[in-house]
Amino acid sequence: MPRSADRALPNRPLRLLGGAAITLSIAALMAVLFWTILEAAEAQPLSAASSIDIPWLLWITSLQAALSTSISLVVGVAIAWALNRLHFPGRGLLAGLFASAIVTPGIVVAFGLLTVWGRSGWLSRVSEVWFGAPLDLPIFGLGGVVAAHVILDGAFAATILLNRLNSIPLERLKTGQSLGLSARTRFEIIDWPVIRSSLPGLGAIIFLLAFTSFPIVLLLGGGPSVQTLEVAIYSAVRLDFDLNAAVLLAVLQIGLCSAIILLAAAAPAVPVSVAQRSPLRWRDRGWATPLQGLVLLAATAGFGLPLAALLIDGLSDAVQLLESPSFWRALGTSLAIGLASAILTLVLAVTLAAARAASSLKFFRIGLGVPAYAYLAVPAVALSLGAFLFIRNLGIAPGAVAPLVVIVANTLLALPFGMATLSPAFDSVVRTRGRLMRSLGLSGSKQFMLVEWPLLGRDFGTVFALAFCFSLGDLGVIALFGTQDFVTLPLLMLRAFSAYRGTDAAAIAAVVLILAVAAFTVLPLMFERLSHARAR
Amino acid sequence: MLELAELIFAYPGQAKPYDFSMQASAGHITAIRGASGSGKSTLLDLIAGFLRPASGAIRVDGKDITKLPPELRPVSILFQSETLFEHLTAGANVALGLAHPDPTAVNAALAEVTLPGIANQSAATLSGGQKQRVALARTLLRNRPVLLLDEPFSALDDEARASTRRLLRNLTQKQQWATVLVTHHTDDIAAIADRTYVLKDGTITR
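From first to last, the protein sequence lines are chains A and B.
Read left to right, the first sequence gives residues 239 to 774 (the numbering used here).
Read left to right, the second sequence gives residues 22 to 227 (the numbering used here).
Possibly wrong hints are sitting among the right ones.
Said to hold, decoys possible - Distance windows between CB atoms, simulated: (1) A:Leu301 / B:Ala120: 56 to 66 Å; (2) B:Ala120 / A:Pro431: 17 to 27 Å; (3) A:Ile604 / B:His205: 58 to 68 Å; (4) A:Leu688 / B:Asp178: 39 to 49 Å; (5) B:Asp178 / A:Ala269: 35 to 45 Å; (6) B:Val219 / A:Pro251: 31 to 41 Å.
Hints are computed from structural coordinates only; laboratory data are not their basis.
For glycine and all other residues, C-beta sits at the position ideal for the given N, C-alpha and C.
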């Protein structure tokens, strides 16, 4: 935050108090859950986890995460490069498709892959018609897991990198074009420096996502051969009923994720601002343009085909699903949990971001951010395990408080993204309009209703939509807390898949995908309209 | 000589289109003065080929270049900022855009702009005035007959401003460039311009 903003606003005690209260509450909650896990670990002999080959588990998790990260970055660079150069009708739609990767649930992508590449998937059926034999591709195992991660994380990387390329100063591009730079030289001296600076931070995020991946590995891992620590914890709790092993794995998971976050913190931050596309249209000459076209075709097929196949297959089987009471119950639960998580996330993120912006003390600003991001170190399944043990220690049946735990866990999952969106936005308002607000005597609710809400309405909508979508697609938390009576759509889908009811699972996945994309598209616009209406 | 003949251009939604006609002679500096938003940068973008006019012609030494892409136009352009790629050395910046860069020629061009021996120095370490000189050295090597300058002195201090202006004037005369300078600084115009046009309401007047 620039020093100039420090004196732009007087301290807002209520905002600071609200931020501090939330920070302390989250810190206390995390500490209690972590302590519960540690206490459980101390009570268990180390040999309890002897049935799990931990070195192998770490090796395969790291290998999978490293492969997913490196391939995703290469794919992301290629897509961003091609989208930056080519202009055609539908380009915005295609960029929007890749941007929606952030809210596309992993379980949906995994199922989409199965719909295309699985034993009874599209390609296999085509092969049977044309060649008389179905295809038997190794979709279960390392290849399938990495492919699913690359689809999601490659598209995510492409969106971030495209924003970076679009923010290259116009004068630099004009100078390059005027000099007649070749496609290769242009990439080397104009694009690559911009891309390179984003790769360490982006790589760290993708590595962490792949390292802690749950639904994709659960569906496509093919059993114990390819797992992550999260899946191993889930298996230990729900399948093997081995709490000792789960606790030890959770401690290992928290330690490793903390180490990765510390390493990632050393990398330059990835700017998340969306840049406006510069009006300059400079097409590369020679081999580059056909190559860019090929890249976009392959990327569209790779990312779009599984989702399109899922929608086509899923919706054609949806009629049967619509007659099922359990589907409607799960849909209602998912929507209720999603809305509750989204509201809670928005309230927490706004309070924390407003408090950060109101403070000029660096230490306080950092302190307000730490608990929100600390959740990254304690991923969903580990957190859920902590909550599970804590609630059980209190003598309460975990099922009785399951909805509350799932809402809180999903909120904490979305909070880092909420803070990443809102904190720079609130800082920017203070930086650019702080002095004016101070001179006009705007504070408290007036500051919020007259300045911040109208200016940041769309950002609020983005946070609300992100939290809703994360919750809608969550499997990590609900997998531990779900019961016969408390089922969300992803859990219903997993159960249908496990019971070999593939058509039901595909239909549920299609519904989740439609809900997520619709929410991500509509909610930010709705908030923007609402905030402008209030401003008038 | 650079000649603009009834060059018409409008951005989408713009009610009154720009209508540019002017001449810039070889060996002279032609200044275009105008307020912010008057269309100075649009004029340079049209000459450099970043924008396509609806009608009219741009000629250099009698040859119509209106339909040529920017990289094939006999034009060099210098901006107020972003003239150099800062992660490259000064020499690499000078050699950019040349099919077969010759280190001796690069060094000679740098010496010509009074920066001898800095070819291996990172562009990021240069001052604002030095960066503009390195960009001028690149222009020297490319040797295009038209030089476009978009507020090139705005980011410079008084001393660097005066020396860069002198250098620009000398090079324009020596290389016989038709130099077009757009600016809203009247002191720059008074110091080096041979001819001045005023850009107002979308048209150019002398």
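To see whether the hints hold, each was checked on the structure:
no.: 1; hint: A:Leu301 / B:Ala120: 56 to 66 Å; result: 46 Å, violated
no.: 2; hint: B:Ala120 / A:Pro431: 17 to 27 Å; result: 23 Å, holds
no.: 3; hint: A:Ile604 / B:His205: 58 to 68 Å; result: 44 Å, violated
no.: 4; hint: A:Leu688 / B:Asp178: 39 to 49 Å; result: 42 Å, holds
no.: 5; hint: B:Asp178 / A:Ala269: 35 to 45 Å; result: 56 Å, violated
no.: 6; hint: B:Val219 / A:Pro251: 31 to 41 Å; result: 56 Å, violated
Violation of the numbered hints given earlier is confined to hints 1, 3, 5, 6; the remaining hints are satisfied by the structure.
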